[in-house]
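Asks: Sequence:
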Amino acid sequence: MTAGSTVLHADDYGDARSELVAAYQAADFAAMRTAARKALLARPGYPGALFNLALAQALDEDPPAALVTLQELLSVGIDFGAGDIEEFAALKDLLEWAAYADAVEKLYEPVGFAEVAATLETRDFIPEGIAADGAGRLYLGSIRHGQLVRLGERPETLSTPANGHWSVFGMRFDSDGGLWFASAAVPQFLGAVEAEGRSGLFRYDLETEEISHRALLPAAYEPQVLGDLVIAPDGLIYATDSLTGVLYRFDPDSKSFERLVDRGVFGSPQGLALDSTATHLYVADYIGGLYRVTLADAEVEKVRIQANVTDYGIDGLYRHGADLVAIQNGVQPNRVVALTLGEHGLSIVAGRTVAANLPEFDEPTLGFVSGDDFFFVANSHWNRFDADNKLPEELAGPIILRVSLLLDR
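Residue 15 is where the sequence shown starts when you use the numbering used here, and the numbers rise one by one after that.
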């Protein structure tokens, strides 16, 4: 799929979604079913579109069809809580409902074993990005307070918004041991209201203990959020803007941003991972699935899903050998998965859940691969913000988990 055809599909999905909403509001449920299928043609396997189809089928008084669609979602490990939604009440009269309900219950059983690698007591920290230096020390960024912290028995705050940054998102170490991190002034950040919508890349120098590089995206008429980044062997940095959909290439020497993939291709790009040759970049579009970008010419290709998994709702994305390790917090239940790439890198031929439904989970976000282990933020608490961006009192401090990526452990 080229960038142009991706845009066409995005437009098709938006049109179908508008038709679906209009049909729902007009109580024309047959038309709603048709619109839902159009949406699925534009975005195959998209969980939201499948759920809307199930809802349309239920409203159109076709419980058997609605249950089949819900079972299709369940086959890739996704639940929308249909058992608690009034519109699906008639499905409970079907003989097959009991088996479906049992399978949903099993979907929420814990999967995998994780070890607590580190914690922080600050309850409203709201962690997002995490990284480790060459000595194995962990670094964590705060969305709420905009702090960069080194974890340990005595956590150290290394940088604060006084240094010109805001909420701290994804982070990676460069070959010189400097810590690059993405930052943005988002509504959940306490402070700098006048800067809301600005975003950029920053580098913290562990030797001088100062911010050595600052590079802001040009101010725009709409908010920008650089949410994650990856550093190529040649030192160039690739970063995703989850709001505008742009994939940037940043040159630390010239301090210049280049739009490698412009807006209109990705809906909400999040995590990104280089392939083993560093000639291709995998990008996780939260609402569009997995894509591969050829760095030499910016060609965008859709990764085909040939296994019983979904590639939607991915936040963090990393590579471990032939697998892409992904944190899926855009589907329920949240999970860490390993997706095996096909021979040519343009398909997912197998997938497995590494961790899900663990007691520490509360919207996991980002992580990093270290050898055969995966470290990740287990409880970002992003889902705890209310409409006014306030947080409840009863939050746990950040918890970092470590899981093995080996099959025999």
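Just so you know, the hints here were simulated from the structure itself, not pulled from any lab data.
Only a predicted model underlies this, so the values are computations on that prediction, with no experimental measurement involved.
Note that beta-carbon positions come from the ideal geometry of N, C-alpha and C, so glycine has one too.
There could be a bad hint or two in this list.
[What the hints assert, rightly or not] Per label pair, the in silico range of CB-to-CB distance: (1) Lys269 <-> Thr174: 37 to 47 Å; (2) Arg51 <-> His227: 15 to 25 Å; (3) Asp190 <-> Phe399: 47 to 57 Å; (4) Asp98 <-> Glu408: 21 to 31 Å; (5) Val363 <-> Ala44: 33 to 43 Å; (6) Gly249 <-> Asp98: 42 to 52 Å.
Asks: Would you mind marking each hint as holding or not holding in the structure?
Replies: Each hint, compared with the structure:
no., hint, verdict
1, Lys269 <-> Thr174: 37 to 47 Å, "23 Å, violated"
2, Arg51 <-> His227: 15 to 25 Å, "49 Å, violated"
3, Asp190 <-> Phe399: 47 to 57 Å, "36 Å, violated"
4, Asp98 <-> Glu408: 21 to 31 Å, "23 Å, holds"
5, Val363 <-> Ala44: 33 to 43 Å, "38 Å, holds"
6, Gly249 <-> Asp98: 42 to 52 Å, "51 Å, holds"
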